Amino acid sequence: MLGKIWVVMVVFSLFCALFSQKTSELSSAVSAGASQGIELVLSIGGMIMLWSGVMEIMKRSGLSEKLARLLTPLLRFLFPSARKDDGVMSDIASNVTANLLGLGNAATPAGIRAAQGLYRLGGSEYATNDLCMLVVINTASLQLIPTTVAAIRASLGAAAPFDIIPAVWFASAVSQCVGIVCAALFSKFRRKSPL
Amino acid sequence: MNSFSSLIVPLILTFIGLYGIYRKVDIYDALVAGATEGLATVAKIAPSVVALFVAIHMLRASGALEFICSLLSPIASFSGLPPENLPLALLRPLSGSAALAIGRDIMANTGADSFPGRIAAVMLGASETTFYTIAVYFGALRLKGTRHAIPAALAADLAGFVASALAVKIFFA
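Quick mapping for you: the protein sequence lines, in order, are chains A and B. Each residue of the first sequence is one higher than the one before, counting from 1 in the numbering used here. Each residue of the second sequence is one higher than the one before, counting from 1 in the numbering used here.
Errors might be hidden in some of the hints.
[Unchecked claim] Okay, derived cross-link-like pairs now, BS3-like style, lysine-lysine, Cα gap no bigger than 25 angstroms in a straight line:
#, chain 1, residue 1, chain 2, residue 2
1, B, Lys-44, A, Lys-4
2, A, Lys-188, B, Lys-144
3, B, Lys-24, A, Lys-66
Derived from the structure by calculation, the hints contain no laboratory data. Predicted, not measured: the structure shown is a model, and the values here were computed from it.
Take the sequences, apply the hints, and build the full model.
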């Protein structure tokens with residue numbers, strides 16, 4: 001899928017370059033793009049490593065578990081089918097907490113365990129409402145500190161790389177709320193005829 | 001507002017560090033162990049970021065990106081997003097690396113503290129790679145249908161993008 005998109009982008013660029021006679025710019029863009037790609041990785045790499053370390057402190061000090069417990073009442077409301085199953089509920093809580101802290105590495109395994117748990121509880125070959133809710137919550141961002149973006153902003157000379165945090169929180173909250181409301185609404189329309 | 005957001009990160013670091021000491025965590029060991037894991041993440045994303053950065057750069061240099069933006073500008077005025085940000089909205093749900101590449105390209109081209117530059121940053125920070133996430137979660141199960149998951153997830157993305165432009169207007173007017 002991504003491979004095809006990549007080829008489409010390259011071919012489309014070639015056509016546009018031929019049309020607008022920018023072929024020399026195009027060929028220098030290939031090498032410039034590759035070197036700037038690895039520069040980008042390096043400029044966000046330090047921040048990713050630092051925060052992974054900080055989050056490890058949160059994990060070992062029990063802070064992330066505390067956060068997970070704080071979220072449980074809300075999650076019990078969003079996932080009615082998992083209310084009676086403490087194991088699935090705790091997988092959902094650790095998935096959501098890891099997402100909040102920007103720990104993609106920890107969020108995915110917990111999320112998959114939660115998805116398997118919800119699948120088992122649902123007993124259907126189609127995605128249940130709660131399973132759709134879990135996926136929608138995971139596809140809309142939850143991250144509290146947008147570290148990667150801040151690192152890119154810093155590398156490009158932004159005056160205050162983290163000053164976008166309130167805006168990111170606002171946009172994430174809107175996206176998350178719309179996702180949750182749509183998941184709840186659409187589940188009613190498609191109750192009888194699953195896609 | 002500005003001094004508040006510049007304090008968030010130092011305050012969080014201070015709090016986590018002090019709490020770790022209070023709970024007798026070996027802080028340095030945890031930092032290094034976590035950073036080692038982080039390094040693995042960096043190594044994992046590097047190849048796809050480089051590959052997609054080349055493609056995005058080619059799109060920019062050939063004028064293709066400008067052409068796409070001009071095609072999309074009617075939608076742009078409708079959504080409140082500047083036309084520069086629309087290619088990011090299109091690629092964001094498909095590929096995290098492509099989104100990083102185009103997001104950085106927008107910020108570099110318009111300036112990190114410009115209106116479209118800030119919106120690009122907020123869009124990146126406030127969204128996920130929707131289709132990848134869906135593939136990972138549903139791929140782990142044997143489902144016959146995903147029902148309303150994809151429409152609801154895309155609605156959330158769209159709302160997040162429109163809200164990004166709105167948020168930058170509100171917080172940086």
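* Non-conforming hints, listed in increasing numerical order -> No numbers; nothing is violated.
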